[in-house]
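The sequence shown finishes on residue 559 if you use my numbering, and the numbering steps up by one all the way, no holes.
Be aware that a few hints might be false.
[To be verified] Label-pair ranges, simulated between beta-carbon atoms:
#, residue 1, residue 2, range
1, S353, G492, 34 to 44 Å
2, S420, G492, 39 to 49 Å
3, L510, D483, 15 to 25 Å
4, D436, N525, 22 to 32 Å
5, D487, G417, 39 to 49 Å
6, E549, D485, 34 to 44 Å
To be clear, the hints were calculated from the coordinates, so they are not data collected in a lab.
Ideal Cβ placement from N, Cα and C applies to all residues, glycine included.
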Amino acid sequence: MERRAFIQSIGLAAIASGATYWLARRSRFSDGYYVQMGTSVTAGGAFSKYSGSTPTIIGSILNMPAINAAFPGSCAGLHKITSLNPVSLCSLVDAIISNDWSLQATATGEIVRDAAMSRLMTAGFPSVTHLGLEYGTNDFRYDRPIGLNTDISKETFKGALNYSIQKLLRAFPKLRLFLITPTWMPTIDDLDSDDNPNGIGSFLREYIEAMIRISELNHIPCLDMSRMLGINKTNYKTFTVDGIHPNDIGATRRAELIASFMNSNL
Numbered sequence: 294m295e296r297r298a299f300i301q302s303i304g305l306a307a308i309a310s311g312a313t314y315w316l317a318r319r320s321r322f323s324d325g326y327y328v329q330m331g332t333s334v335t336a337g338g339a340f341s342k343y344s345g346s347t348p349t350i351i352g353s354i355l356n357m358p359a360i361n362a363a364f365p366g367s368c369a370g371l372h373k374i375t376s377l378n379p380v381s382l383c384s385l386v387d388a389i390i391s392n393d394w395s396l397q398a399t400a401t402g403e404i405v406r407d408a409a410m411s412r413l414m415t416a417g418f419p420s421v422t423h424l425g426l427e428y429g430t431n432d433f434r435y436d437r438p439i440g441l442n443t444d445i446s447k448e449t450f451k452g453a454l455n456y457s458i459q460k461l462l463r464a465f466p467k468l469r470l471f472l473i474t475p476t477w478m479p480t481i482d483d484l485d486s487d488d489n490p491n492g493i494g495s496f497l498r499e500y501i502e503a504m505i506r507i508s509e510l511n512h513i514p515c516l517d518m519s520r521m522l523g524i525n526k527t528n529y530k531t532f533t534v535d536g537i538h539p540n541d542i543g544a545t546r547r548a549e550l551i552a553s554f555m556n557s558n559l
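Build the full structure now, drawing on both the sequences and the hints.
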C-alpha cells in the first residue's frame, strides 16, 4: 500500500472510531431520563423567560427527557423557616423512597412550587437515570450549620447531603447522581460573600468545599459551579437578574456547563 493511501486509511479509521464513540455516548443519554432538584436558582419563575428552563436545555443538548423538580427556598437540610421543611432535599428524598407524599401533596397556590411538586411526584424514580442536586444557596443564606463529614443528620448541611445521597443510592443503585455547587452570590444582606459570612459565621466557600468533600466521600461527581461557571462579583449583572437568579443568558450558560459536565463525567 502506498504511504498516502495508508495514512488516509488510518485517518478514516480514526474518524469512524470517533464517530462510533460519540454516537454511543449520545445514544446512552437518549435512553436516559434526567431530573434536576434544587432551589429557586434551578426552579426559575418570573425571573426571565429561560430562568426555569435549565433542565430542559440540558435535555435538549443531551437528547434525553428532563424535568425541573426544584423548589424556591429549598435547603438540603431542615430549614430555618419550618414551613419550608417539606421541600428540603432530605424531606423530598424520604417521600421519593417511601412514596408517602403526605407532607408535600397539599397545593399551596404557589405556582412554581406546586408545578414542581406535581412533576416530582409523577417522575417515576425507578426510571430516572441521571439526577443533579443543586443545593447550598439557601443553606448558606439561611444559616444551616455545615456539620461534620460523618454527619447523617438533617440538621446540618453535610449531614443532609450524606443522608440524601446514601438513601437515594441504596434505593436506586444504578442512578447516576451528582452534586452541583452554588456559584458566587451576595449574602442575604446583599454583601460580597467572598468577604462576608452568613449569620453563623460561615462563608459561602465553606458550603462549596463541603459539597465537594461530601461528593468525594460518597464517590460521586461534583460540578463546582463557583469555579467553572465564570460568574463573580465583577460580572454577575450580566448573568443574573438580582445577583442570584439567572437571566436568559445565565440560564443558557448554566445548562451548557451542566450538560458538558454530564457528558464528560457520567
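Status of the hints after comparison with the structure:
1. S353 to G492: 34 to 44 Å: Since S353 and G492 have Cβ atoms about 39 Å apart, the given range 34 to 44 Å holds.
2. S420 to G492: 39 to 49 Å: At 41 Å between Cβs, range holds.
3. L510 to D483: 15 to 25 Å: violated (34 Å)
4. D436 to N525: 22 to 32 Å: At roughly 23 Å between Cβ atoms, N525 and D436 fall inside 22 to 32 Å, so the hint holds.
5. D487 to G417: 39 to 49 Å: Since the Cβ atoms of D487 and G417 sit about 41 Å apart, the hinted range of 39 to 49 Å holds.
6. E549 to D485: 34 to 44 Å: This hint is violated: roughly 26 Å between Cβ atoms.
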